[in-house]
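J.: Sequence:
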Amino acid sequence: MLKVYIYQKCSTCRDALKWLDAHGIKHEVKAIRETPPTVAELKVALDSFNGDLRKIFNTSGMDYRALGLKDRLPNMSVNEALEMLSTHGNLVKRPFVIGDGTVLVGFKEPAWKSALLK
Numbered sequence: 073m074l075k076v077y078i079y080q081k082c083s084t085c086r087d088a089l090k091w092l093d094a095h096g097i098k099h100e101v102k103a104i105r106e107t108p109p110t111v112a113e114l115k116v117a118l119d120s121f122n123g124d125l126r127k128i129f130n131t132s133g134m135d136y137r138a139l140g141l142k143d144r145l146p147n148m149s150v151n152e153a154l155e156m157l158s159t160h161g162n163l164v165k166r167p168f169v170i171g172d173g174t175v176l177v178g179f180k181e182p183a184w185k186s187a188l189l190k
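Heads up: take any position in the sequence shown, counting from 1, add 72, and you land on the working numbering.
Hints are not guaranteed to be accurate.
With a straight-line cut-off of 25 Å between C-alpha atoms, the simulated SDA-like cross-links for lysine to any residue are [what the hints assert, rightly or not]: (1) K98 with A112; (2) K90 with N122; (3) K115 with T174; (4) K90 with N151; (5) K180 with S132; (6) K75 with L188; (7) K185 with D143; (8) K75 with D93; (9) K98 with C82; (10) K102 with R86; (11) K115 with D143; (12) K102 with S132; (13) K180 with H99; (14) K127 with L189.
Per label pair, the in silico range of CB-to-CB distance [as the list claims (entries may be wrong)]: (15) H95 with V150: 30 to 38 Å; (16) P182 with E152: 30 to 38 Å; (17) M148 with W91: 19 to 27 Å; (18) N151 with I97: 29 to 37 Å; (19) M148 with D93: 33 to 41 Å; (20) L139 with R86: 20 to 28 Å; (21) N151 with E181: 15 to 23 Å; (22) K98 with T131: 29 to 37 Å; (23) G96 with N147: 41 to 49 Å; (24) G96 with D143: 37 to 45 Å; (25) G96 with T159: 18 to 26 Å.
No lab work stands behind these hints, which were simulated from the structure alone.
Predicted model, so just to flag it, every value in this text is computed and none were measured.
C-beta atoms are modelled at their ideal positions from N, C-alpha and C, and glycine is treated no differently.
Please work from the sequences and hints to get the whole structure.
T.: This is the structure:
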């Protein structure tokens, strides 16, 4: 089953959940701040994005800017970055979807259709 990590106040996350419901796709909702993705889940996502850490970071978020990650991220080890993401859910790009061989970050309907409507 798909795990969908969301932030309840995020309109993009709400749109993604509505889309999943409208298409009858079963999923489990997780609060990304309280229960961020695990390091193992983040590693799977990172692999699906060819090791590009920026793809899984919420680069437009306040926490990303406050921590100066634009400048720090290029010098961080992968393990350090994944550990940071797994303990600070606000830093993870959302919605973050993983399961059934699927990884999606953000909500772009064409990508979701391609990945989930087979």
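J.: None of the hints should be skipped; say for each whether it holds.
T.: Cross-check of the supplied hints:
Note on K98 and A112: the hinted pairing holds, with a Cα-Cα distance of about 22 Å set against a maximum of 25 Å. A threshold of 25 Å between alpha carbons decides the hint, and for K90 with N122 the separation of about 29 Å lies outside it, so the pair is violated. For a cut-off of 25 Å, the pair hint linking K115 to T174 stands: about 13 Å separates their Cα positions. Only pairs whose Cα atoms come within 25 Å are accepted, and K90 paired with N151 is rejected, the gap being roughly 34 Å.
A C-alpha spacing of about 16 Å is found between K180 and S132, which places the hinted pair at or below 25 Å, so the restraint holds. Restraint check for K75 and L188: satisfied, since their Cα atoms lie roughly 13 Å apart, inside the 25 Å limit. Of the supplied pair hints, the one linking K185 and D143 is violated, its CA atoms being roughly 34 Å apart against a limit of 25 Å. At most 25 Å may separate the alpha-carbon atoms for a hinted pair to count; K75 and D93 meet this at roughly 14 Å.
Only pairs whose Cα atoms come within 25 Å are accepted, and K98 paired with C82 is accepted, the gap being roughly 20 Å. At most 25 Å may separate the alpha-carbon atoms for a hinted pair to count; K102 and R86 meet this at roughly 13 Å. Taking the CA atoms of K115 and D143, the gap is near 22 Å; set against the 25 Å cutoff, the hint holds. For the hint linking K102 to S132, the alpha-carbon distance of about 21 Å falls within 25 Å, and the restraint holds.
For the given pair, K180 sits about 17 Å from H99 by alpha-carbon distance, which is consistent with the 25 Å threshold. Between K127 and L189 the CA atoms are separated by roughly 23 Å; this keeps the pair inside 25 Å, and the hint holds. For the hinted restraint 30 to 38 Å between H95 and V150, the CB-CB distance of approximately 34 Å keeps it satisfied. For P182 and E152, the hinted distance range of 30 to 38 Å is satisfied, since their beta carbons lie about 33 Å from each other.
Evaluation of the 19 to 27 Å hint for M148 and W91 yields a failure: the beta carbon distance comes to about 33 Å. Between N151 and I97 the CB atoms are about 32 Å apart, so this pair conforms to the stated range of 29 to 37 Å. Restraint check, M148 to D93: a C-beta distance of roughly 37 Å satisfies the suggested window 33 to 41 Å. Distance hint check: the CB atoms of L139 and R86 are about 26 Å apart, consistent with the given range 20 to 28 Å.
A hinted range of 15 to 23 Å is violated for the C-beta pair N151 and E181, which are about 34 Å apart. Separation of K98 from T131 is about 30 Å and conforms to the stated range, judged on CB atoms against 29 to 37 Å. Between G96 and N147 the beta carbon distance is about 45 Å. The supplied range of 41 to 49 Å therefore holds. With their beta carbons about 44 Å apart, G96 and D143 fall inside the hinted range of 37 to 45 Å.
Judged by the Cβ atoms, the range 18 to 26 Å given for G96 and T159 is violated: they are separated by roughly 34 Å.
In this structure, the hints that do not hold are numbers 2, 4, 7, 17, 21 and 25, in rising order.
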